[in-house]
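Peer 1: As they're listed, the protein sequences go chains R and F.
Each residue of the first sequence is one higher than the one before, counting from 4 in our numbering.
Each residue of the second sequence is one higher than the one before, counting from 4 in our numbering.
Check each hint, because a few of them may be wrong.
Identical copies look the same in the list; a pair holds intra-copy or inter-copy alike.
To be verified - With a straight-line Cα cutoff of 25 Å, these simulated DSS-like cross-link-like pairs (lysine-lysine) come out:
| # | residue 1 | residue 2 |
| --- | --- | --- |
| 1 | LYS87 | LYS301 |
| 2 | LYS301 | LYS84 |
| 3 | LYS119 | LYS210 |
| 4 | LYS145 | LYS310 |
| 5 | LYS346 | LYS229 |
| 6 | LYS119 | LYS84 |
| 7 | LYS315 | LYS184 |
| 8 | LYS87 | LYS118 |
| 9 | LYS87 | LYS119 |
| 10 | LYS354 | LYS13 |
| 11 | LYS33 | LYS119 |
| 12 | LYS13 | LYS66 |
| 13 | LYS118 | LYS301 |
| 14 | LYS119 | LYS346 |
| 15 | LYS84 | LYS118 |
| 16 | LYS315 | LYS66 |
| 17 | LYS66 | LYS310 |
Everything labelled a hint here was simulated from the structure, so no lab data went into it.
These numbers were taken from a predicted model, which means no experiment stands behind them.
There are 2 protein chains.
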Amino acid sequence: MLERFKVPIKDQVRVNHVDLRETVKQIFQKMGETTEDATIASEVLVDSDLRGVESHGVSNMLKEYISYYESQIIKPRADWKIVKESPSTATVDADTGLAVILGPKAMNIAIEKAKKVGVGIVTMRNAGHSGAIGHHALIAAKQDMLGMCMTTGGMRVVPTFSSEPLLGTNPIAVAAPTNSKPTFLFDVATCSVAGNKIRLAQRSGKKLMPGWVADQNGSPVMEESKLADHIDIPPLLPLGGTREIGSHKGYGLSLVAEIMCSLMSGGIPSMLEGHEAVSKHFFAAYDISAFTDIGEFKTNMDDMLSKLVNSKPAPGFEQVLYPGLPEFEDENDRLVNGIPLHKEVVDFINKTASSLEIDPLF
Amino acid sequence: MLERFKVPIKDQVRVNHVDLRETVKQIFQKMGETTEDATIASEVLVDSDLRGVESHGVSNMLKEYISYYESQIIKPRADWKIVKESPSTATVDADTGLAVILGPKAMNIAIEKAKKVGVGIVTMRNAGHSGAIGHHALIAAKQDMLGMCMTTGGMRVVPTFSSEPLLGTNPIAVAAPTNSKPTFLFDVATCSVAGNKIRLAQRSGKKLMPGWVADQNGSPVMEESKLADHIDIPPLLPLGGTREIGSHKGYGLSLVAEIMCSLMSGGIPSMLEGHEAVSKHFFAAYDISAFTDIGEFKTNMDDMLSKLVNSKPAPGFEQVLYPGLPEFEDENDRLVNGIPLHKEVVDFINKTASSLEIDPLF
């Protein structure tokens with residue numbers, strides 16, 4: 004994550020992940036989820052914070068989820084079910100359950116199918132937010148499969164040449180196992196910058212970069228700006244920023260996620276539904292051993308990632324990274340030293356705990 | 004395709020696609036391919052030209068393929084075989100056959116598997132170039148499936164922060180069926196600009212845009228430049244251009260293609276092989292009717308694509324497009340008025356025809 008999104012040191016409170024898990028779990032129980040499902044939800048959120056993915060950890064998401072439960076946009080103990088199935092596929096109607104909880108269950112269904120026939124795909128409609136989809140992709144990688152996950156919902160991104168925000172930030176995640184190197188985990192929004200990062204920038208007063216957002220007419224803003232410079236939260240640009248630098252590629256990828264999540268789950272995209280709270284998801288597990296020798300695969304992964312990390316950096320950079328490496332380093336730090344939450348987030352969690360009559364963080 | 008890549012009108016020779024197919028087919032036969040396979044190769048190349056994808060049509064690729072046959076880097080009538088198989092997967096060793104020809108065969112295997120179990124995936128190692136992978140993805144869409152294709156080979160793209168070109172242009176294509184709207188077909192390189200476009204810019208003397216290429220040290224070139232300004236053919240930047248505008252996303256997508264094509268076919272990436280001519284490919288067919296009602300899916304596709312095309316354009320633009328729409332319009336024009344080849348390309352084809360003792364184009 005770019006330095007500009009990190010919580011400034013003066014505002015940080017380091018919180019032990021075990022304490023955070025317990026409090027977050029209890030909050031989900033108070034929302035009406037079972038102990039088992041509340042534990043899953045807590046794990047998905049706190050694991051994101053541990054991996055340095057604050058944009059999808061407790062800081063941004065917990066408040067939103069609570070408001071969704073309270074306004075009954077999402078339902079605890081949802082009566083989700085498989086509505087269509089084949090040897091390698093399943094389509095789930097989530098009954099407005101939170102996909103933070105249903106995502107791991109869907110990925111496990113995909114994994115079981117992949118064990119039997121080589122590939123397993125689960126699509127899900129009528130669901131709540133999924134949390135960081137990389138978390139679900141990782142579940143497959145931990146079982147020596149290639150995991151892929153996509154999600155869609157909301158309307159925040161302007162298609163190339165358009166003035167109307169018609170697309171969600173539609174992220175794509177892929178995880179692949181290794182031997183000794185940190186696991187490969189790619190997890191990015193198909194717009195220039197993840198929507199939640201705008202909120203992090205707002206909280207820390209940082210500037211928005213050229214190519215991140217459009218003005219109210221849909222024209223790409225190609226100079227630095229502050230959120231306060233914009234009339235409202237500005238629409239986001241597809242990855243690439245402008246057509247000439249490739250925004251049609253980010254736009255097209257976003258549509259791919261829309262098709263594979265919304266249309267392939269029997270749902271319809273937000274731009275046609277006209278409301279934003281319902282998300283659609285795609286979970287895939289590819290059993291590597293159905294394609295090739297898993298030992299060779301993992302050795303090749305290690306060798307490739309080593310080659311990248313040991314390549315000569317361009318001037319001004321210390322080291323070449325790969326997706327999953329910085330997150331692994333953050334995790335090692337945070338497991339020992341705690342998760343650096345913004346003091347306002349700690350306040351929010353403690354106030355929420357107090358109002359729900361559970362123990363505060365400290 | 005950007006206007007700057009089109010053949011200037013003064014250099015255009017309009018060639019009837021039927022004539023072009025016949026000549027190109029005969030050239031492939033002279034390279035040693037069977038009539039059936041030469042017909043496939045001709046179709047893949049000329050269809051790309053018809054759809055306005057000159058970068059992957061006869062202009063750029065035919066010359067290269069002939070040189071590969073002549074230097075025995077690729078083999079006609081290759082003894083390709085399935086080396087590993089499961090109900091939803093197959094892994095192919097291509098015996099250095101050209102994937103322009105083997106791609107449609109692989110996609111058909113994937114489609115047959117998808118008909119039986121819902122999803123079919125074929126990976127291919129030890130192969131030649133695939134031509135425009137969108138062509139292969141379209142084969143699935145024509146059978147009411149979602150088609151996906153990726154490919155990798157070569158080392159032209161610098162990873163984010165690196166000074167060494169270690170990755171291929173690693174494109175990703177996805178095709179999805181519609182009712183009455185032109186078929187959705189997304190087909191893009193995971194770098195800012197496709198490698199072949201640099202050659203088109205060279206031929207037409209056009210400038211390279213900021214964010215397309217790196218200098219010899221790997222630093223992104225963020226102003227316009229001419230190819231002549233660079234010491235050599237410059238390395239390409241991942242989609243996003245710089246880290247702050249998202250190049251780590253293009254870089255990560257490129258690695259995803261590398262993993263799913265190279266490592267999942269039992270091959271290794273070019274950066275470890277140390278030579279560039281061998282490509283690896285990934286072909287997937289997802290049977291939409293295994294997930295949901297195909298009629299509803301196609302209606303939703305039409306409605307979504309209409310919504311996009313009818314959205315209000317940003318200032319300075321006439322219409323919002325979607326992937327596959329401009330190519331459909333080019334195809335309608337070119338079927339009637341001929342394919343606008345550069346006069347140098349026509350000369351090359353006629354000289355090649357003459358040296359192989361077949362009839363020239365005209």
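Peer 1: Evaluate LYS119 and LYS346 at a C-alpha cut-off of 25 Å and name the case that applies: within, between, both or neither.
Peer 2: neither (48 Å within a copy, 55 Å between copies)
Peer 1: Since the copies are identical, ignore which copy is meant and state whether LYS315 and LYS66 lie within 25 Å (CA to CA) inside a copy, between copies, both or neither.
Peer 2: Neither: 43 Å inside a copy, 34 Å across copies.
Peer 1: Pop the pair LYS87 and LYS301 into one bin, within, between, both or neither, using alpha-carbon distances up to 25 Å.
Peer 2: So LYS87 and LYS301 pass the 25 Å test across copies only (18 Å; inside, 34 Å).
Peer 1: Tell me, please, which holds for LYS66 and LYS310 at an alpha-carbon limit of 25 Å: within, between, both or neither?
Peer 2: For LYS66 and LYS310, the Cα distance exceeds 25 Å both inside one copy (42 Å) and across copies (33 Å).
Peer 1: One pair to classify: LYS87 and LYS119, alpha carbons no more than 25 Å apart. Within, between, both, or neither?
Peer 2: both (18 Å within a copy, 15 Å between copies)
Peer 1: Classify it for me, LYS118 with LYS301: is the Cα-Cα distance of at most 25 Å met within a copy, between copies, both or neither?
Peer 2: within (18 Å within a copy, 31 Å between copies)
Peer 1: Using 25 Å as the alpha carbon limit, work out where LYS346 and LYS229 are close: within a copy, between copies, both or neither.
Peer 2: Within one copy only: 23 Å inside, 51 Å across.
Peer 1: Can you give me the call for LYS119 and LYS210, within, between, both or neither, at a CA distance of at most 25 Å?
Peer 2: neither (50 Å within a copy, 52 Å between copies)
Peer 1: Given a CA cutoff of 25 Å, do LYS145 and LYS310 count as a within-copy pair, a between-copy pair, both, or neither?
Peer 2: within (23 Å within a copy, 40 Å between copies)
Peer 1: Give the relationship of LYS315 and LYS184 under a CA distance limit of 25 Å: within one copy only, between copies only, both, or neither.
Peer 2: within (19 Å within a copy, 48 Å between copies)
Peer 1: My question is about LYS119 and LYS84: at a cut-off of 25 Å on alpha-carbon distance, are they close within one copy, between copies, both, or neither?
Peer 2: Classified as both: same-chain Cα gap 21 Å, cross-chain 23 Å, threshold 25 Å.
Peer 1: One pair to classify: LYS301 and LYS84, alpha carbons no more than 25 Å apart. Within, between, both, or neither?
Peer 2: This pair counts as between: shortest inter-copy Cα distance 24 Å, intra-copy 35 Å.
Hints 3, 11, 14, 16, 17 from the list above are not met by this structure, while the remaining hints are.
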